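*Asks:* Below, each chain spelled out in residue letters.
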Amino acid sequence: MLEVAGLDAGYGNVQVLHGLDLAVAGGEVLCLMGRNGAGKSTALKAIMGLVPPAGGAVRLDGVRLDGLPAHEIPRHGLGYVPQGRRLFAELTVAENLEIGLMARGHGAPTRERVLGLFPRLRERLGQVSGTLSGGEQQMLAIARALCLEPRVLLLDEPTEGLQPSMITLIRDTILALKASGVATILVEQRVDAALALADRIAFVVTGRIAETLPAAGLAPEAPAFRAHVGV
Amino acid sequence: MDFGPFLLLATMEGLVMAAVLALTAVGLSLVFGVMRVVNVAHGEFFMLGAVLAWFVTASVPGPPALGFAAALVVCPLIVGGIAALADRAILKRLDYDPEATIVATIGLLYIFQQAALSLYGPDARPVQAPFDWRLQFPWFGYSGYKLAVVAAAALLLLGVRQLLVRSRIGLVMRATQYDRETATAFGIDVDRVYALVFALGAALAAVAAVLIVPIQQAHYLMGGDPLLLSFIVVIIGGLGSLRGTVLAAVLIGLSDGIVSVFFSPTLAKILATLLVALVLVFRPQGLFGQRAA
Chain H
18 MLEVAGLDAG YGNVQVLHGL DLAVAGGEVL CLMGRNGAGK STALKAIMGL
68 VPPAGGAVRL DGVRLDGLPA HEIPRHGLGY VPQGRRLFAE LTVAENLEIG
118 LMARGHGAPT RERVLGLFPR LRERLGQVSG TLSGGEQQML AIARALCLEP
168 RVLLLDEPTE GLQPSMITLI RDTILALKAS GVATILVEQR VDAALALADR
218 IAFVVTGRIA ETLPAAGLAP EAPAFRAHVG V
Chain C
116 MDFGPFLLLA TMEGLVMAAV LALTAVGLSL VFGVMRVVNV AHGEFFMLGA
166 VLAWFVTASV PGPPALGFAA ALVVCPLIVG GIAALADRAI LKRLDYDPEA
216 TIVATIGLLY IFQQAALSLY GPDARPVQAP FDWRLQFPWF GYSGYKLAVV
266 AAAALLLLGV RQLLVRSRIG LVMRATQYDR ETATAFGIDV DRVYALVFAL
316 GAALAAVAAV LIVPIQQAHY LMGGDPLLLS FIVVIIGGLG SLRGTVLAAV
366 LIGLSDGIVS VFFSPTLAKI LATLLVALVL VFRPQGLFGQ RAA
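These protein sequence lines are chains H and C, in that order.
Under the numbering used here, the residue at position 89 of the first sequence is numbered 106, and the numbers go up by one with no gaps.
Under the numbering used here, the residue at position 170 of the second sequence is numbered 285, and the numbers go up by one with no gaps.
In short, the hints are calculated from the structure, not lab data.
In this text, all values refer to a predicted model and were calculated from it rather than measured experimentally.
For every residue, glycine included, the Cβ atom is placed at its ideal position computed from N, Cα and C.
Possibly wrong hints are sitting among the right ones.
Derived list of chain C stretches under chain H, where covered just means 3 residues or more per stretch with a C-beta under 8 Å from a C-beta of chain H [unchecked claim]:
#1 274 to 287
#2 300 to 314
Quick partial rundown of chain C residues pointing at chain H, CB under 10 Å, derived from the structure [what the hints assert, rightly or not]:
#3 290
#4 292
#5 293
#6 294
#7 297
#8 340
Kindly produce the complete structure, drawing on both the sequences and the hints.
*Replies:* Below you can see the structure in the form of structure tokens.
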């Protein structure tokens, strides 16, 4: 569904991605793992057009996305959950969701469905989002992305710094989305979380994919983790 | 005249000034709040509004009210359009770099000023008020038009607030203000929002100028005072805080009116500038602003 071929990108003179290739199909979770600075977050930002790619191609069902103005990319059905959540902190929960709904012109049915996934948010619709707890903020960040009814979901460390019950909830949500046919790219630092969710794990080393392995049958002590992630 | 009526007169003069100042300063504050651009050319948008109001009222035949109504609609639109063009042609190309935009808007200031001098000339020209109804107090008569200015400014400010808080475009503006990159990731065309905000800020200055021009006359150098006072108001109120800006405009407008009447206009400016200095030292985020994140 989403194909990335030979993607080059970086910030100013610093090139971070060096010909990154990956592909993810509908109903599949691809996990990106790698050391800090390997280019995992940059890969997501380059797909979203937030870091303009210097070379290579991004295709969604054959349609070229790279080179489009960055604000048009999400309208093709890409939902993005940035690292650190990046909520519109001074807007209310309802307003954050409204921004998500506006992106592709979805209305009340989508909103209801998303709030059905996260009933805690429904109780806090009028609350300023910056005052939510960390877990609730992460729910809102995911809910906001789901308001686009995405075909591809990009999640950048969604469970970072959360308590175990919240991690379970977010994992269940990702599995439910996978079951509904959404293609998911997940950046994850923790091996157990990656193995629990991913169909395939792609190891990012200095801006390119060093190795892609099926998650099934992979043990936490597999050599790939030691070689590429350092755990 | 006794002290009481004299104070009433001074207060009313102050309110008129506060009304026009609030409109102008809200425009400046909005542009800074959303775009982080310190618009040094803001006073020239005010001047352009006044000068265009003279052209429009001079070219519309019929009763003065008709020409004035036309100016009230046309001038903010033209000035907003000019601002949107300036944003697209200049500020966007500088990638909204804070220092570069200050220098660029200084350049715009001179371009607009000299353009007005060339096309409009060095004279101060009056625009006739749309009506000259007078309110007769026991001690003095007062221009009904000035009171209408206060009412119109209050309505417009209320409208801006509703636009920001209730409308979709307001929501988009606020989201862009908090996080430009994430807004882009949710399909918001930040360039368009910026052009719109810059146009809206300029249009507010222009509409304030149209309202004031029957009282003050249009002149190509009239942008200096509104710029200085808007900065004073915005700093006291807190950059980016609309409520603070409006309250500070009332404070500065009233004190300016009252001090000018009882003492001297120079003392009024000294006090306003002193207040800014004190705010900057003791409460740099302004009375109602939040500390920069």
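*Asks:* With chain H as the partner, please determine if residue 294 (chain C) meets the hint condition of a C-beta pair closer than 10 Å.
*Replies:* 6 Å, holds
*Asks:* Against chain H, run the beta carbon of residue 290 (chain C) and see if the smallest gap drops under 10 Å.
*Replies:* 5 Å, holds
*Asks:* If you count the residues of the segment 274 to 287 of chain C with a beta-carbon closer than 8 Å to a beta-carbon of chain H, do you get 3 or more?
*Replies:* It holds: at least three residues are needed, and the segment 274 to 287 of chain C offers 3 whose Cβ sits within less than 8 Å of chain H.
*Asks:* Classify the hint on residue 293 (chain C) as holds or violated, based on whether any CB of chain H lies nearer than 10 Å to its CB.
*Replies:* At 5 Å from the nearest chain H Cβ, residue 293 (chain C) passes the 10 Å test, so the hint holds.
*Asks:* Does the CB of residue 340 (chain C) sit less than 10 Å away from some CB of chain H?
*Replies:* Hint on residue 340 (chain C): violated, closest Cβ of chain H at ~33 Å, above 10 Å.
*Asks:* Identify whether the interface hint at residue 292 (chain C) stands, where standing means a beta carbon of chain H within less than 10 Å of its own.
*Replies:* Holds: closest Cβ of chain H sits about 8 Å from residue 292 (chain C), inside 10 Å.
*Asks:* Quick check: do three or more residues in the segment 300 to 314 of chain C have a beta carbon closer than 8 Å to a beta carbon of chain H?
*Replies:* As far as the segment 300 to 314 of chain C goes, the hint holds, because 6 residues have Cβ atoms under 8 Å from chain H.
*Asks:* Would the hint on residue 297 (chain C) be counted as holding, given a Cβ-Cβ threshold of 10 Å to chain H?
*Replies:* OK, holds: residue 297 (chain C) within 10 Å of chain H, min 4 Å.
Violated hint: 8 only; the structure is consistent with all others.
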